[in-house]
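Undergrad: Go ahead and model the full structure; you've got the sequences and the hints to work with.
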Amino acid sequence: MSENDDPSTFDESVDPDLADDEPETEWIGEEEWGDEEEGEVAVVEEELPNFVDNGDGTISDTKANLMWKKDDSYAEYDYGITWFEAHDYCEMLNDKKFAGYDDWRLAGIEESKSLFSFIQSNSDKDGAEIHISDLFETGGGHNTWTYEEKP
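Each residue of the sequence shown is one higher than the last, beginning at 1 in the numbering used here.
Each hint should be verified, as a subset may be incorrect.
[What the hints assert, rightly or not] No farther apart than 27 Å at their CA atoms in a straight line, the calculated lysine-lysine pairs in the DSS-like style are these: (1) 125 / 69; (2) 150 / 125; (3) 97 / 70; (4) 150 / 69; (5) 96 / 70; (6) 113 / 97; (7) 150 / 113; (8) 113 / 70; (9) 113 / 125; (10) 97 / 69; (11) 70 / 150; (12) 69 / 96; (13) 63 / 97; (14) 63 / 150; (15) 125 / 70; (16) 63 / 113; (17) 96 / 125; (18) 69 / 113.
[What the hints assert, rightly or not] Simulated DEER-style distance windows between Cβ atoms: (19) 88 / 119: 27 to 37 Å; (20) 123 / 77: 27 to 37 Å; (21) 139 / 56: 17 to 27 Å; (22) 75 / 146: 15 to 25 Å; (23) 137 / 100: 17 to 27 Å; (24) 75 / 103: 16 to 26 Å; (25) 97 / 118: 33 to 43 Å; (26) 92 / 146: 12 to 22 Å; (27) 50 / 79: 27 to 37 Å.
Don't read these hints as lab results, they were simulated from the structure.
No residue lacks a Cβ here, since even glycine has one placed at the ideal position from N, Cα and C.
TA: Okay, here's the thing in structure tokens:
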């Protein structure tokens, strides 16, 4: 498409019967698919979080531009809180101006995904492995509430 073509108009040179079909593909590698040597397979992690311990009970994710509490509500209450209690917990942090901030809230779904790491790990309240940075306190809950309902 040239710079002058209007992307909202249909290209007359394209056969409409073929436009929705999957393109034909062919493996052009030297080995059969899946026969790669073990040393040739690389694990790549997208957007590895870059967490920094702020020394005030918070951890910053410099890639997602978010700040998290270093420990979670489980450390204070010793049980997994409900969604409503999670909102109250944020309000309590705001009332106390925890770490000097009064804008604590539940994360969104996409924001909470930034906690996950294929490479980094920690342990939850039961000692099970959870895939978050070891900068967070160990022994917390193994899930998180978000302000959004599951789609």
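Undergrad: Do the beta carbons of residue 137 and residue 100 sit within 17 to 27 Å of each other?
TA: holds (19 Å)
Undergrad: Is it true that the CA of residue 63 sits at most 27 Å from the CA of residue 97?
TA: With a Cα-Cα distance of about 24 Å, the restraint between residue 63 and residue 97 holds, given a limit of 27 Å.
Undergrad: For the pair supplied as a hint, residue 150 and residue 113, is the alpha-carbon distance within the 27 Å limit?
TA: Holds, at roughly 13 Å.
Undergrad: Take a quick look at whether residue 63 and residue 150 sit within 27 Å of each other, Cα to Cα.
TA: Distance ~24 Å between residue 63 and residue 150 Cα, so the pair holds.
Undergrad: Does the structure keep residue 69 and residue 96 at a Cα separation of 27 Å or less?
TA: holds (13 Å)
Undergrad: Can you tell me whether the CB distance of residue 75 to residue 146 sits inside 15 to 25 Å?
TA: holds (19 Å)
Undergrad: Holds or violated: are the alpha carbons of residue 113 and residue 97 at most 27 Å from each other?
TA: holds (25 Å)
Undergrad: So if I understand the rule, the pair passes when the alpha-carbon distance is 27 Å or less; does residue 150 with residue 69 pass?
TA: Since the Cα atoms of residue 150 and residue 69 sit roughly 23 Å apart, the hinted pair holds (cutoff 27 Å).
Undergrad: Is the Cα-Cα distance between residue 96 and residue 125 27 Å or less?
TA: Holds, because 25 Å separates the two Cα atoms, which is no more than 27 Å.
Undergrad: Does residue 97 pair with residue 69 here, judged by a C-alpha cut-off of 27 Å?
TA: Holds. Residue 97 to residue 69 sits at ~12 Å (cutoff 27 Å).
Undergrad: Take the C-beta atom of residue 92 and the C-beta atom of residue 146, compute their distance, and say whether it sits inside 12 to 22 Å.
TA: holds (18 Å)
Undergrad: Does the beta carbon distance between residue 88 and residue 119 stay inside 27 to 37 Å, or does it fall outside?
TA: holds (34 Å)
Violated hint for the displayed structure: number 20, the only one.
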